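Please take these sequences and the hints and turn them into a complete structure.
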Amino acid sequence: MVMDYFLVSLLNGVIYGLMLFMVSSGLTLIFGMMGVLNFAHASFYMIGAYIGYLCSLHLGFYAGLVIAPLVVGALGVFSERLLLRRVRPQGHTHELLLTFGLFFIFEEVIKVFFGNFAVPYQVPAGLDFAAFSVGSIEYPFYRLFIGVVALVMFVAILAVLQLTRLGIVVRAAVHRSDMVAALGHNVPTVFTALFGGGAALAGLAGAVAGAFFPTSPTMASDLGTLVFVVVVIGGLGSLSGAVVGALLIGVVTSFAVGLNVSLASLAASLGLGDTLTQMGGLFTVSLSSLAGTIPYLLMLLILLLRPSGLLGERS
Amino acid sequence: MRTLKSKVLALTALATFSIFSAAIQAAPLKIAGMVPLSGASAATGELYVQAMTYVVNRFNENGGWHGEPIKLEFYDTQESTGVASDRFQQAVAEGMNIIAQGGGSSVAASLSGDVRRWNRRHPDQQVLSFTMGGEAAGLTGENCHFHHFRFATTAAIRVQALMEAMSKTGALGEKVYAINQDYSWGHEMQEAILANADKYDYEVVGKSLHATNKLADFSPYALQSQRSGAQTVVTGNWSRDLLLLLKAIDQSGVDANLATVYLDQPGSIAAAGSAAEGSYIAQVFNAEAAKEKGAAYMEDFKKRIGTYPAGLGNNGVISMMMLTKALSSLPKQDSIDVNRIALALEKAQVDDWPTGTLTMRASDHQLLLPLVVSKVSKDARYKIDNTEYGFKPVQLLSAEQARVPADASCEMQRP
Amino acid sequence: MSRVMSSPVARYAWLAATLLLLVLLPLTDSATLINVATKCLIAGLFAMGFNLLWGQMGLLSFGHAAYLGIGTFATLHMMNAIDEGWGLPAPLLPVLAGALGVVVGALMGWFASRRTGIYFAMITLAVAELTHVIADKWQGFFGGEAGVRSIRTDWWLFGFQDATSVYYYCLVWSVLLVIALWALLRSPFGLLMYALRENEERVRFLGYRTHSIKVVGFAVSAGVSAVAGSLMAFMNESANASMFATLTSAEVVLNTVIGGSAVFLGPALGAAFNTLFGYYIGGLSHFWLLYQGLIFVLVIMYAPGGLGGLFSGATRQAREGRLAHHAPAYAVGALASLLIAVATITVVELVGTVMGSSYRVLRLTSGETWPPVSLWGIDWHPLGIGTFTFVLVLIGAGTVLLRWAMASHRQALDRIGSET
Numbered sequence: 003m004v005m006d007y008f009l010v011s012l013l014n015g016v017i018y019g020l021m022l023f024m025v026s027s028g029l030t031l032i033f034g035m036m037g038v039l040n041f042a043h044a045s046f047y048m049i050g051a052y053i054g055y056l057c058s059l060h061l062g063f064y065a066g067l068v069i070a071p072l073v074v075g076a077l078g079v080f081s082e083r084l085l086l087r088r089v090r091p092q093g094h095t096h097e098l099l100l101t102f103g104l105f106f107i108f109e110e111v112i113k114v115f116f117g118n119f120a121v122p123y124q125v126p127a128g129l130d131f132a133a134f135s136v137g138s139i140e141y142p143f144y145r146l147f148i149g150v151v152a153l154v155m156f157v158a159i160l161a162v163l164q165l166t167r168l169g170i171v172v173r174a175a176v177h178r179s180d181m182v183a184a185l186g187h188n189v190p191t192v193f194t195a196l197f198g199g200g201a202a203l204a205g206l207a208g209a210v211a212g213a214f215f216p217t218s219p220t221m222a223s224d225l226g227t228l229v230f231v232v233v234v235i236g237g238l239g240s241l242s243g244a245v246v247g248a249l250l251i252g253v254v255t256s257f258a259v260g261l262n263v264s265l266a267s268l269a270a271s272l273g274l275g276d277t278l279t280q281m282g283g284l285f286t287v288s289l290s291s292l293a294g295t296i297p298y299l300l301m302l303l304i305l306l307l308r309p310s311g312l313l314g315e316r317s
Numbered sequence: 010m011r012t013l014k015s016k017v018l019a020l021t022a023l024a025t026f027s028i029f030s031a032a033i034q035a036a037p038l039k040i041a042g043m044v045p046l047s048g049a050s051a052a053t054g055e056l057y058v059q060a061m062t063y064v065v066n067r068f069n070e071n072g073g074w075h076g077e078p079i080k081l082e083f084y085d086t087q088e089s090t091g092v093a094s095d096r097f098q099q100a101v102a103e104g105m106n107i108i109a110q111g112g113g114s115s116v117a118a119s120l121s122g123d124v125r126r127w128n129r130r131h132p133d134q135q136v137l138s139f140t141m142g143g144e145a146a147g148l149t150g151e152n153c154h155f156h157h158f159r160f161a162t163t164a165a166i167r168v169q170a171l172m173e174a175m176s177k178t179g180a181l182g183e184k185v186y187a188i189n190q191d192y193s194w195g196h197e198m199q200e201a202i203l204a205n206a207d208k209y210d211y212e213v214v215g216k217s218l219h220a221t222n223k224l225a226d227f228s229p230y231a232l233q234s235q236r237s238g239a240q241t242v243v244t245g246n247w248s249r250d251l252l253l254l255l256k257a258i259d260q261s262g263v264d265a266n267l268a269t270v271y272l273d274q275p276g277s278i279a280a281a282g283s284a285a286e287g288s289y290i291a292q293v294f295n296a297e298a299a300k301e302k303g304a305a306y307m308e309d310f311k312k313r314i315g316t317y318p319a320g321l322g323n324n325g326v327i328s329m330m331m332l333t334k335a336l337s338s339l340p341k342q343d344s345i346d347v348n349r350i351a352l353a354l355e356k357a358q359v360d361d362w363p364t365g366t367l368t369m370r371a372s373d374h375q376l377l378l379p380l381v382v383s384k385v386s387k388d389a390r391y392k393i394d395n396t397e398y399g400f401k402p403v404q405l406l407s408a409e410q411a412r413v414p415a416d417a418s419c420e421m422q423r424p
Numbered sequence: 004m005s006r007v008m009s010s011p012v013a014r015y016a017w018l019a020a021t022l023l024l025l026v027l028l029p030l031t032d033s034a035t036l037i038n039v040a041t042k043c044l045i046a047g048l049f050a051m052g053f054n055l056l057w058g059q060m061g062l063l064s065f066g067h068a069a070y071l072g073i074g075t076f077a078t079l080h081m082m083n084a085i086d087e088g089w090g091l092p093a094p095l096l097p098v099l100a101g102a103l104g105v106v107v108g109a110l111m112g113w114f115a116s117r118r119t120g121i122y123f124a125m126i127t128l129a130v131a132e133l134t135h136v137i138a139d140k141w142q143g144f145f146g147g148e149a150g151v152r153s154i155r156t157d158w159w160l161f162g163f164q165d166a167t168s169v170y171y172y173c174l175v176w177s178v179l180l181v182i183a184l185w186a187l188l189r190s191p192f193g194l195l196m197y198a199l200r201e202n203e204e205r206v207r208f209l210g211y212r213t214h215s216i217k218v219v220g221f222a223v224s225a226g227v228s229a230v231a232g233s234l235m236a237f238m239n240e241s242a243n244a245s246m247f248a249t250l251t252s253a254e255v256v257l258n259t260v261i262g263g264s265a266v267f268l269g270p271a272l273g274a275a276f277n278t279l280f281g282y283y284i285g286g287l288s289h290f291w292l293l294y295q296g297l298i299f300v301l302v303i304m305y306a307p308g309g310l311g312g313l314f315s316g317a318t319r320q321a322r323e324g325r326l327a328h329h330a331p332a333y334a335v336g337a338l339a340s341l342l343i344a345v346a347t348i349t350v351v352e353l354v355g356t357v358m359g360s361s362y363r364v365l366r367l368t369s370g371e372t373w374p375p376v377s378l379w380g381i382d383w384h385p386l387g388i389g390t391f392t393f394v395l396v397l398i399g400a401g402t403v404l405l406r407w408a409m410a411s412h413r414q415a416l417d418r419i420g421s422e423t
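Residue numbers (our numbering), protein chains in the order written: chain A, 3 to 317; chain B, 10 to 424; chain C, 4 to 423.
Just so you know, these hints were derived from the structure itself, not from any lab. Bear in mind that the values here come from a model prediction, so they are computed numbers and not experimental data. Take these hints with a grain of salt, some might be off.
[To be verified] Just some of the chain B residues that point at chain A, by a computed CB distance under 10 Å:
1. LYS223
2. LEU252
3. PRO424
The beta carbon of each residue, even a glycine, is placed where N, CA and C say it ideally should be.
Following this line, the structure appears as structure tokens:
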């Protein structure tokens, strides 16, 4: 039973982490290349979910998996080309603030069209079954499906970056965009393409994950800061860092839930007496209820000790 | 005579533009509906607008308060304490007599505090505070005061009702798991679940508190409850946290019953879909449980408002029914004395509420009301959110069965 | 006209007039207006404190809600202590709250300012998230969902029972702090902060300990924010942990950007604008947050100096006698913006209403597929030709006018450039 629990918890954590990775991958690539932390990135994830929902109503679920990334990618291209590019001369802070504003606008526009509540975007019947059982626990197939999509995505991104000419230009532009421009490549267009591509990845993530987690206007703000945490922990700009950061956060949050211990009980079991219990307040809060805060603590530690992140190259 | 359509239009217009139609007139009784009309809780606010309008219009058509219609205006709290305080200032400046809140506990607590301070400073222009939606114990506990009345339930009331009905029908089992949000409401739910263990003979095999509206993945909690061998999972979660928990439990194949409080929030059943089937809920109202009386109420409401009353909206109906009942018992006054209305409210008894008698407990100003424990099912007579599901009554508990003792921490100073 | 404006006195005439207006405002005797004005003052002070970090030192904090909240809760507890008989002079509450803010700010600033740029912002974000969690969990101090309640007590000759007295209390404190901030920015230390933003390395080579400068700047900024929080506690007499939410930190960023971080009083202007916007437009339309977001993005794109930048630009042109050259372009530009705004609002309100749940009820009860929607006293048919024509004509005309205004503005600039 303990082993079952451990395995399922691990799987849960890994798959949640992979889902986080799907959203963070575009974010970290965009930061690495353009130096912009895109606040609206999680909004692309949300919009992807809503488009997936619309498609599932009229064209079917699988059509959504194709259309959502395309539409969201186009939205990304539009945002970069018409908006971000205009404020680029004023520096990265202005770009960041612009994406901050876009984040608000996207959420509100979604509310205008779809209202404040979650929309009934459901897992298609063909994918809604238990993949296997561990003891008495049934494991939903759709979770595995999310994991597989994320893995395929990771491999595809790596292949594009490592094996294609475009990938070489992108990687080179991350390091020395002026040099790449001098070699005759159109760096602004590469930027636009990358921004659109990153948005499309988030859109796909939304279309896939939105069917499993509720699709609601707040899903961007719910996830928004968490994906920042992922990319900071992994190292801003590092794709493999995003994988590690996402998996780390997924697994840690998954296991923390099972820990019904508090600092006070921990101290008591170490023979430090009941002082902390009597002090009450934070010390008696169980670690499981702090599960949501662990990512932020991790991020804080990383920022203070190793700001380039676990796998980042630059400080 | 106005047509139905224009009524609904007027209703919508009232909700949106009421703020600018404040006119200072010779003292009809004025009620300020403090409800969320924009933001994430706007749909809940709409339910209160419909419900209060329904009772007040009916009362005014029948002659009002000694021939004078009572006035109802709505203010948008945006479900934020800061905005609610602003709207309170505006409402008292516009001469409102009753501040009737609908929505969450934080706004309820903030408004009740505003009313207490206002009355302390303005003894000649006192107002009453109605809580139609806040379920935090403190409102009728340590923060109770004479000018505040609660027309909603509490965690203790809801949990006891759930346990009573589920143990009677054998659905409860002996092992219960409590999953709640980690703030005062969730803590109160967890306390109530622990407190009822002996009475209904179950063991709390696990309890989890999680960050409110922050987590995206609830499967670890589903796993925990599965691992504990619980036969029933009880949760006070609402909105997003409830949906995520429902889905996680459904998808992990956990075979425990789920007992909830807020499953009848607008949109919840639609978003949860089949994951909600079989879940239990302690409801303030269920028309099917009240048979013909319930049906008559539903149809009358629909005739006047255009839609069936839903979920928390019924709290709005109840509060206005209690108020109008209390008003009818008072002789005509030259000026409005809210203390006399408050004393009349303490004695008011509503007998024409479909599911049973409503009274106000004088010691802490908590409404004593009947509850219905229901189960999400396709067999329900009234379907929810255009889905094939509705709430099928399991047991109707009279106000006497549903009551829990008053909170001892309430020390009310009476005039 | 331009003669008058160019005298040095005129530079401060605006300030004096604004201050006079603020002092005389309670004469209106409108409880609502006084209430809103007090909120504007508090939000303005908060933004001024925030901007000390950003405008002066180039450090973008995404977690200033923490310092505002610390000031608020400290003050509420002190007010409760006064109510229970402690002899604490009420007018000094902001001093103590501010001191606490400075201490906490120095501590947090010491950590955060070890990093710069986006890393600094991320640290402040993480600290704010953690503070929010602590505030949520620590019910003894922060009061849980119900929050902490208190009541103002009178002190000496001062009664604080009505809105007007609270307004003056906040006004006096805000003006004092704004003057202190102004003095700080003019001081050698203020210049050092500014130099740090421009070139940190050079400041370090000059022998200054740049980290210490940042910590002090952070501490002062947190202190001013805590005073704003203290005033907020004094005004509202209650608060709950939800004020630590990310939204509060985001709002002060929005306020400062819309107001303009490069102009001294810009952040206060932006805060006042957004507070009034939220209060009045928020009462009119459910979609006011969308409009606010659109304004924010438009400011970033077309007026990076914010409202304050526009204002100071216009007054400078007036001083130099150039306003007349630009006036036609400004007037036409304003008209064009108005046309486009009306079109946008029409579309948003119609779509929002049609997609809303009460409209669904209306469709069921009226029997029409697309019953008309009432807006601005007119019944609009959602799919009617009239609606589409109206929107398209407005947008078309607005775009044409806007293009003309921009071209004419550029020409005027070129002309002036060639004249000088």
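Status of each hint after checking the structure:
| no. | hint | result |
| --- | --- | --- |
| 1 | LYS223 | holds, 4 Å |
| 2 | LEU252 | holds, 5 Å |
| 3 | PRO424 | violated, 38 Å |
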